[in-house]
Amino acid sequence: MTITAAEDLGYSVDERLELARSLITHLEAGNEDDINSIINKLYTDKEQTLFQEIGKLTRQLHDALGTCRNDERITSLAERDMPDARERLRYVLAKTDESAHKTLGAVESALPLSEQLMSDAGLMTREWERFKRREMSAEDFRQLSKKLEAFLQTVNTSTQQINERLSEIMMAQDYQDLTGQIIGRVISIVEEVEQGLVGMIQHRSQPDSVGRQEGPDITVEGPRIHSDNRPDMVQGQDDVDDLLSSLGF
Amino acid sequence: MNKNMKILIVDDFSTMRRIIKNLLRDLGYTNMAEADDGITALPMLQNSNYDFLVTDWNMPGMQGIDLLKAVRNDPKLAGLPVLMVTAESKRDQIVEAAQAGVNGYIVKPFTAATLKEKIDKIFERIEAAA
Numbered sequence: 002m003t004i005t006a007a008e009d010l011g012y013s014v015d016e017r018l019e020l021a022r023s024l025i026t027h028l029e030a031g032n033e034d035d036i037n038s039i040i041n042k043l044y045t046d047k048e049q050t051l052f053q054e055i056g057k058l059t060r061q062l063h064d065a066l067g068t069c070r071n072d073e074r075i076t077s078l079a080e081r082d083m084p085d086a087r088e089r090l091r092y093v094l095a096k097t098d099e100s101a102h103k104t105l106g107a108v109e110s111a112l113p114l115s116e117q118l119m120s121d122a123g124l125m126t127r128e129w130e131r132f133k134r135r136e137m138s139a140e141d142f143r144q145l146s147k148k149l150e151a152f153l154q155t156v157n158t159s160t161q162q163i164n165e166r167l168s169e170i171m172m173a174q175d176y177q178d179l180t181g182q183i184i185g186r187v188i189s190i191v192e193e194v195e196q197g198l199v200g201m202i203q204h205r206s207q208p209d210s211v212g213r214q215e216g217p218d219i220t221v222e223g224p225r226i227h228s229d230n231r232p233d234m235v236q237g238q239d240d241v242d243d244l245l246s247s248l249g250f
Numbered sequence: 029m030n031k032n033m034k035i036l037i038v039d040d041f042s043t044m045r046r047i048i049k050n051l052l053r054d055l056g057y058t059n060m061a062e063a064d065d066g067i068t069a070l071p072m073l074q075n076s077n078y079d080f081l082v083t084d085w086n087m088p089g090m091q092g093i094d095l096l097k098a099v100r101n102d103p104k105l106a107g108l109p110v111l112m113v114t115a116e117s118k119r120d121q122i123v124e125a126a127q128a129g130v131n132g133y134i135v136k137p138f139t140a141a142t143l144k145e146k147i148d149k150i151f152e153r154i155e156a157a158a
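So the protein lines, in turn, are chains A and B. For the first sequence, the working numbering gives the first residue as 2, with consecutive numbering after it. For the second sequence, the working numbering gives the first residue as 29, with consecutive numbering after it.
Take these hints with a grain of salt, some might be off.
[Stated by the list, open to error] No farther apart than 27 angstroms at their CA atoms in a straight line, the calculated lysine-lysine pairs in the DSSO-like style are these:
#1 K49/B / K104/B
#2 K118/B / K96/A
#3 K104/B / K118/B
#4 K149/B / K49/B
#5 K96/A / K144/B
#6 K96/A / K49/B
#7 K144/B / K118/B
#8 K47/A / K57/A
#9 K49/B / K103/A
#10 K144/B / K103/A
#11 K133/A / K148/A
These are computed hints drawn from the structure, not numbers from a lab. The structure presented is a predicted model; accordingly, all values stated were derived computationally and were not measured.
Based on the provided sequences and hints, a complete structural model is requested.
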């Protein structure tokens with residue numbers, strides 16, 4: 002900290018000029034007492050200004066520290082909500098990973114079935130064309146008839162299996178809802194942190210005008226992310242059914 | 029069970045509405061409408077004759093639990109069967125939904141078999157009571 006401007010000192014420029022002139026006069030006259038008195042006046046004036054500045058800074062620091070300590074919302078954000086947000090994002094990661102693998106797995110198991118159907122159908126079509134062109138012996142036709150029967154059987158079972166895989170793929174898309182809810186929640190935590198920080202900054206520049214930032218009231222929980230250590234939450238549909246039947250459902 | 033019954037599906041996530049709609053279609057239901065929260069759902073229910081309501085809990089605007097309570101408080105809608113399909117899995121919440129008069133409660137993620145089972149159960153009970 003440097004004090005250069007004249008108004009930082011207790012004396013005005015004119016007063017200091019006056020003091021300097023009389024200092025020279027007393028120096029020339031050799032009045033020791035007056036010389037010392039004037040030097041002291043100038044010195045203590047500067048010292049007082051310095052102490053005032055230090056006092057002001059201490060006050061600001063105290064206020065800033067007090068803001069941090071008193072703002073419980075900031076503390077709870079740091080201690081509870083940030084780890085909670087991390088945990089929730091990990092769930093998003095796990096859930097999207099699981100859904101992607103479920104989808105890919107279903108596609109991988111359905112593709113060979115539809116490829117087989119395609120090639121069998123191609124084969125049957127060629128044979129059927131041969132039959133229509135009357136290029137087929139009675140024995141060949143008996144063979145074709147058997148193959149057709151087997152093919153129709155395959156179509157039945159394979160399309161059923163493909164349908165099941167398609168349903169699995171559809172159900173795997175539930176991740177969008179479950180992770181979407183969580184991401185929405187994390188966004189609101191981030192917004193709260195932002196508000197908290199803005200609040201702190203405003204608090205510092207206007208010590209008495211900004212109150213504590215209150216977070217939004219969260220009454221819904223969203224998807225289970227760590228139900229294994231939450232006795233207040235059900236573990237799955239069976240628990241729900243048990244609870245409801247205990248209520249007479 | 030009447031496969032032509034009119035069903036309203038309420039969820040703020042369109043992907044989940046599509047999933048439920050597809051599952052219901054697989055079960056043979058064809059008469060379905062969608063809403064994205066309680067505020068849009070309630071007037072739809074009041075202005076048209078729905079036979080079944082499937083609703084999420086956590087939605088912006090009006091939440092599913094409030095929609096359920098509004099339905100039970102409306103003399104015209106009070107008897108409407110309501111199935112809740114939600115990720116909310118706190119015991120207190122399930123108890124609250126039961127007390128508000130929900131007919132079935134499914135926690136997400138769920139399976140097609142669970143959905144069928146709960147719907148069958150709801151309508152079996154209604155038919156038995158009739």
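Results of checking the hints against the structure:
1. K49/B / K104/B: holds (25 angstroms)
2. K118/B / K96/A: Distance ~20 angstroms between K118/B and K96/A Cα, so the pair holds.
3. K104/B / K118/B: Measuring from Cα to Cα gives roughly 30 angstroms; hence the hint is violated.
4. K149/B / K49/B: With a Cα-Cα distance of about 19 angstroms, the restraint between K149/B and K49/B holds, given a limit of 27 angstroms.
5. K96/A / K144/B: Holds - the C-alpha atoms of K144/B and K96/A are around 24 angstroms apart, at most 27 angstroms.
6. K96/A / K49/B: holds (22 angstroms)
7. K144/B / K118/B: holds (23 angstroms)
8. K47/A / K57/A: holds (16 angstroms)
9. K49/B / K103/A: holds (21 angstroms)
10. K144/B / K103/A: Within the cut-off at roughly 22 angstroms; holds.
11. K133/A / K148/A: holds (16 angstroms)
The earlier numbered hint that this structure contradicts is number 3, and it is the only one.
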